[in-house]
Amino acid sequence: MASSDPEKLMLKGDKLTKLSLTRWNADWRNATTLYEQAAIAYRFAKKHEMAKIAFEKASKGQEMLSSPWDAAKHMESAASLAKELGNWKEVADFYRRSSELYSECGRSQPASDALAKGARVLEEGAPEEAVQMYTDACVLLEEDGKEQMAFDLYRDLTALYVKLEKYSDATTLLLRWGLAADKCNAINSQCKAYLSAIIVYLYLHDISQAEKCYNDCSQIDAFLRSDQNRCATKLLTAYNEGDVEEIKSVAQSSTIRHLDHVIIRLAKKLPTGDVSSSLRNESKDDGEPLDENDLT
Amino acid sequence: MSVIDILFRVDEICKKYDKYDIDKQRQQNAYGDDAFARLYATFESEIDSALEKFERAAAEKNRATSVALNAEVRRTKARLLEEIPKLHKLAQKKVKGLSKEELVTRGDLVLVLQERIQAIPDGSAAAAKQGGGWSTSTSHKNIKFDSSDGNFDDGFFQPSEESSQFRQEHEMRKMKQACLDFISEGLETLKELAHDMNEELDRQVPLMDEIDTKTDRATADIKNTNVRLKKTLLELLQHKQQKEEDGDGGKKDKLTQGRRSQQGRG
Numbered sequence: 001m002a003s004s005d006p007e008k009l010m011l012k013g014d015k016l017t018k019l020s021l022t023r024w025n026a027d028w029r030n031a032t033t034l035y036e037q038a039a040i041a042y043r044f045a046k047k048h049e050m051a052k053i054a055f056e057k058a059s060k061g062q063e064m065l066s067s068p069w070d071a072a073k074h075m076e077s078a079a080s081l082a083k084e085l086g087n088w089k090e091v092a093d094f095y096r097r098s099s100e101l102y103s104e105c106g107r108s109q110p111a112s113d114a115l116a117k118g119a120r121v122l123e124e125g126a127p128e129e130a131v132q133m134y135t136d137a138c139v140l141l142e143e144d145g146k147e148q149m150a151f152d153l154y155r156d157l158t159a160l161y162v163k164l165e166k167y168s169d170a171t172t173l174l175l176r177w178g179l180a181a182d183k184c185n186a187i188n189s190q191c192k193a194y195l196s197a198i199i200v201y202l203y204l205h206d207i208s209q210a211e212k213c214y215n216d217c218s219q220i221d222a223f224l225r226s227d228q229n230r231c232a233t234k235l236l237t238a239y240n241e242g243d244v245e246e247i248k249s250v251a252q253s254s255t256i257r258h259l260d261h262v263i264i265r266l267a268k269k270l271p272t273g274d275v276s277s278s279l280r281n282e283s284k285d286d287g288e289p290l291d292e293n294d295l296t
Numbered sequence: 001m002s003v004i005d006i007l008f009r010v011d012e013i014c015k016k017y018d019k020y021d022i023d024k025q026r027q028q029n030a031y032g033d034d035a036f037a038r039l040y041a042t043f044e045s046e047i048d049s050a051l052e053k054f055e056r057a058a059a060e061k062n063r064a065t066s067v068a069l070n071a072e073v074r075r076t077k078a079r080l081l082e083e084i085p086k087l088h089k090l091a092q093k094k095v096k097g098l099s100k101e102e103l104v105t106r107g108d109l110v111l112v113l114q115e116r117i118q119a120i121p122d123g124s125a126a127a128a129k130q131g132g133g134w135s136t137s138t139s140h141k142n143i144k145f146d147s148s149d150g151n152f153d154d155g156f157f158q159p160s161e162e163s164s165q166f167r168q169e170h171e172m173r174k175m176k177q178a179c180l181d182f183i184s185e186g187l188e189t190l191k192e193l194a195h196d197m198n199e200e201l202d203r204q205v206p207l208m209d210e211i212d213t214k215t216d217r218a219t220a221d222i223k224n225t226n227v228r229l230k231k232t233l234l235e236l237l238q239h240k241q242q243k244e245e246d247g248d249g250g251k252k253d254k255l256t257q258g259r260r261s262q263q264g265r266g
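Residue numbers (full-length UniProt numbering), protein chains in the order written: chain A, 1 to 296; chain B, 1 to 266.
Be aware that one or more of the hints could be misleading.
List of simulated lysine to any residue pairs, SDA-like, C-alpha gap at most 20 Å [what the hints assert, rightly or not]:
{"#": "1", "chain 1": "A", "residue 1": "Lys146", "chain 2": "B", "residue 2": "Gln204"}
{"#": "2", "chain 1": "A", "residue 1": "Lys146", "chain 2": "B", "residue 2": "Met197"}
{"#": "3", "chain 1": "A", "residue 1": "Lys183", "chain 2": "B", "residue 2": "His195"}
{"#": "4", "chain 1": "B", "residue 1": "Lys191", "chain 2": "A", "residue 2": "Arg257"}
{"#": "5", "chain 1": "A", "residue 1": "Lys146", "chain 2": "B", "residue 2": "Leu201"}
{"#": "6", "chain 1": "A", "residue 1": "Lys8", "chain 2": "A", "residue 2": "Asn30"}
{"#": "7", "chain 1": "B", "residue 1": "Lys214", "chain 2": "A", "residue 2": "Trp69"}
{"#": "8", "chain 1": "A", "residue 1": "Lys183", "chain 2": "B", "residue 2": "Glu199"}
{"#": "9", "chain 1": "A", "residue 1": "Lys234", "chain 2": "B", "residue 2": "Glu188"}
{"#": "10", "chain 1": "B", "residue 1": "Lys214", "chain 2": "A", "residue 2": "Gly106"}
{"#": "11", "chain 1": "A", "residue 1": "Lys183", "chain 2": "B", "residue 2": "Asp196"}
{"#": "12", "chain 1": "B", "residue 1": "Lys214", "chain 2": "A", "residue 2": "Asp70"}
{"#": "13", "chain 1": "A", "residue 1": "Lys268", "chain 2": "A", "residue 2": "Glu245"}
Residues of chain A clear of chain B, computed beta-carbon distances all greater than 10 Å [said to hold, decoys possible]:
{"#": "14", "residue": "Lys12"}
{"#": "15", "residue": "Arg29"}
{"#": "16", "residue": "Ile40"}
{"#": "17", "residue": "Phe44"}
{"#": "18", "residue": "Ala45"}
{"#": "19", "residue": "Lys47"}
{"#": "20", "residue": "Trp69"}
{"#": "21", "residue": "Asn87"}
{"#": "22", "residue": "Ser103"}
{"#": "23", "residue": "Ser108"}
{"#": "24", "residue": "Val121"}
{"#": "25", "residue": "Leu204"}
{"#": "26", "residue": "Asp206"}
{"#": "27", "residue": "Val244"}
{"#": "28", "residue": "Glu245"}
{"#": "29", "residue": "Arg265"}
If you anchor each label on the Cβ, the simulated ranges turn out as follows [what the hints assert, rightly or not]:
{"#": "30", "chain 1": "A", "residue 1": "Ser249", "chain 2": "B", "residue 2": "Glu55", "range": "52 to 62 Å"}
{"#": "31", "chain 1": "A", "residue 1": "Met64", "chain 2": "B", "residue 2": "Lys223", "range": "27 to 37 Å"}
{"#": "32", "chain 1": "A", "residue 1": "Ile264", "chain 2": "B", "residue 2": "Gln158", "range": "45 to 55 Å"}
{"#": "33", "chain 1": "A", "residue 1": "Gln219", "chain 2": "B", "residue 2": "Lys223", "range": "51 to 61 Å"}
The hints are simulated quantities; they were obtained by calculation from the structure and are not laboratory data. Virtual Cβ for every residue (Gly too), placed ideally from N, Cα, C.
Throw the hints in and build the complete structure from the sequences for me.
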């Protein structure tokens, strides 16, 4: 059919699919073809709303034809058009649906990609939803044993957390990143993740947490032997001694400059708060001084 | 005769003929009841022994022994300096058989002796001479700060040859260190890049394997399709040729054939 009028195509498609007394079986095959053509025509004409609806219907048709792959692809197109319209809820829904369809095909990578795309789009509009989508995408990949691919997602999610100023969530995520890196034997990424976590804690001026984190990470052999470990010790000793100059110089060192740029920005702002007062608090926290007469 | 008997006899003989021993007589006569002279003699002997010790210390390679010897020398010096006042007093006393001039000379002798004692070299003087103040082994009993006592002449602040050499060396070393720092920074960057490239390549290996499998499948499909296409084309060609032959051969029967074929089709 050479008819370039998408409206007519849509009507024809609808006619084919609507069940009535005369029509007992919907002719999805033809209908889907019509819908697809209509959708492309609408997109060309920049009629986003209509194109989106057409893609939705085409996707449904493909589903009925038991080809989830094509269905998922159409869903993604629908989602990108919904993005143009600024309809965040629909964007989220469509991307999730397409991800599910990809999973039905058994392909986890495109599924997580779909979620990631959705999350990226929603970073501005609906950040909470974006966070959720990123997390789900990471879970999808980890379940399939493809942690290596998840690194980009972790990085984007960390950036989002820092933007939302949810620093404790960011540290938890960084530690999870470290775990994922450990599973796929990516030592460098692992150590970088741990160092980033320590820096975020220091940015929060939570030195005790930072030290706890450091102690936990030191249990891991690979981290203990790494450059990042040395950098972390230098930073923590500088904090304990209250030496601001030293903190600044360590923060400018090349080890930190090779981390993610979000973390570098945080490191540049160190030290936040008063370092010497933290020193005094530290000594108070040590408890009573050792009693000489106490022989235990 | 037993040994003891011999000893006793020798002693008796010596005592008897002592008056013929020139050196001993001279000694005894010279000093006799003179306490000053005796003390002076002891002083002289001590000074000599101290000098000897110092010589040994200077020649000694082992630093510990040299330090010990120097310490002994210093102790002797201190002791002698303490006893100098006693000597002085004795010098003033009048002794029979001495003229007035000799009394005066005795006072001078005491002073000279004092100077001589102080001039005995011990470890501290030697250590100060070692250039640049690098010595750490000898303890300085007489540490003097600002010993120049104000003679800040022109030569004081001028860099001596040694110090300018040291400064040059220090600066060269500083430059070398700066260059090495630069190199180390570059190496660190390279290391990070290499690590990241390593991880990226690790990530891409399974993807490449997948691509490999898929392209193999695609190649097989294409080969199949090509073979079938070729077969179909050949058949088509054969058909066409046959048709043409039939067309040429049976021109007479064309009509009947046409009617028959039409019937066949119908």
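So, going through the hints one by one against the coordinates:
For the suggested pair Lys146 (chain A) and Gln204 (chain B), the alpha carbons sit about 11 Å apart, so the restraint of at most 20 Å is met. Distance restraint check for Lys146 (chain A) and Met197 (chain B): the Cα-Cα separation of roughly 18 Å lies within the 20 Å cut-off, and the hinted pair is therefore satisfied. Of the pairs offered as hints, the one joining Lys183 (chain A) and His195 (chain B) holds, with about 17 Å between alpha carbons and a cut-off of 20 Å not exceeded. Among the hinted pairs, Lys191 (chain B) with Arg257 (chain A) is consistent with the structure: their alpha-carbon atoms are about 13 Å apart, no more than 20 Å.
About 14 Å separates the Cα atoms of Lys146 (chain A) and Leu201 (chain B), which keeps this hinted pair within 20 Å; it holds. For a cut-off of 20 Å, the pair hint linking Lys8 (chain A) to Asn30 (chain A) stands: about 14 Å separates their Cα positions. Of the pairs offered as hints, the one joining Lys214 (chain B) and Trp69 (chain A) holds, with about 17 Å between alpha carbons and a cut-off of 20 Å not exceeded. Between Lys183 (chain A) and Glu199 (chain B) the CA atoms are separated by roughly 13 Å; this keeps the pair inside 20 Å, and the hint holds.
For the suggested pair Lys234 (chain A) and Glu188 (chain B), the alpha carbons sit about 17 Å apart, so the restraint of at most 20 Å is met. The suggested pairing of Lys214 (chain B) with Gly106 (chain A) holds, with an alpha-carbon distance near 16 Å, which does not exceed 20 Å. Of the supplied pair hints, the one linking Lys183 (chain A) and Asp196 (chain B) holds, its CA atoms being roughly 17 Å apart against a limit of 20 Å. Taking the CA atoms of Lys214 (chain B) and Asp70 (chain A), the gap is about 19 Å. The hint holds against a cut of 20 Å.
Between Lys268 (chain A) and Glu245 (chain A) the alpha-carbon distance is near 12 Å, which keeps this suggested pair within the 20 Å criterion. For Lys12 (chain A), the non-interface assignment is confirmed: its Cβ lies about 34 Å from the closest Cβ of chain B, beyond the 10 Å cut-off. Every beta carbon of chain B lies more than 10 Å from that of Arg29 (chain A), the smallest distance being close to 24 Å; the non-interface claim holds. For Ile40 (chain A), the shortest C-beta to C-beta distance to chain B comes to about 26 Å, beyond the 10 Å cut-off, and the non-interface label holds.
Listed as outside the interface, Phe44 (chain A) is consistent with that label: its C-beta sits roughly 31 Å from the nearest C-beta of chain B, beyond the 10 Å cut-off. Consistency note on Ala45 (chain A): stated as away from chain B, and its beta-carbon is indeed over 10 Å from all of that chain's, at 36 Å minimum. Residue placement check: Lys47 (chain A) keeps its beta carbon more than 10 Å from all beta carbons of chain B (closest about 37 Å). The claim that Trp69 (chain A) is not at the interface with chain B holds, since no C-beta of that chain comes within 10 Å of its own (minimum 15 Å).
With 10 Å as the threshold on Cβ separation, the claim that Asn87 (chain A) sits away from chain B holds: the shortest Cβ distance comes to roughly 34 Å. Distance to chain B confirms Ser103 (chain A) as a non-interface residue, since its nearest Cβ pair spans about 18 Å, more than 10 Å. No beta-carbon of chain B is positioned within 10 Å of the beta-carbon of Ser108 (chain A); the least distance is around 13 Å. Every CB of chain B is more than 10 Å from the CB of Val121 (chain A) (nearest about 25 Å), matching its label as outside the interface.
Remark: the non-interface label on Leu204 (chain A) is consistent with the geometry, its nearest Cβ contact in chain B lying 26 Å away (cut-off 10 Å). For Asp206 (chain A), the non-interface assignment is confirmed: its Cβ lies about 28 Å from the closest Cβ of chain B, beyond the 10 Å cut-off. No beta-carbon of chain B comes within 10 Å of the beta-carbon of Val244 (chain A); the shortest separation is about 22 Å. Taking the minimum C-beta to C-beta distance to chain B, about 18 Å, the non-interface status of Glu245 (chain A) holds against the 10 Å cut.
A cut-off of 10 Å between C-beta atoms confirms that Arg265 (chain A) is not in contact with chain B; the least separation is 18 Å. For the hinted restraint 52 to 62 Å between Ser249 (chain A) and Glu55 (chain B), the CB-CB distance of approximately 56 Å keeps it satisfied. Evaluation of the 27 to 37 Å hint for Met64 (chain A) and Lys223 (chain B) yields a pass: the beta carbon distance comes to about 35 Å. Between Ile264 (chain A) and Gln158 (chain B) the beta carbon distance is about 51 Å. The supplied range of 45 to 55 Å therefore holds.
Between Gln219 (chain A) and Lys223 (chain B), the C-beta spacing of about 56 Å keeps the proposed range 51 to 61 Å intact.
In this structure, none of the earlier numbered hints is contradicted; all agree with it.
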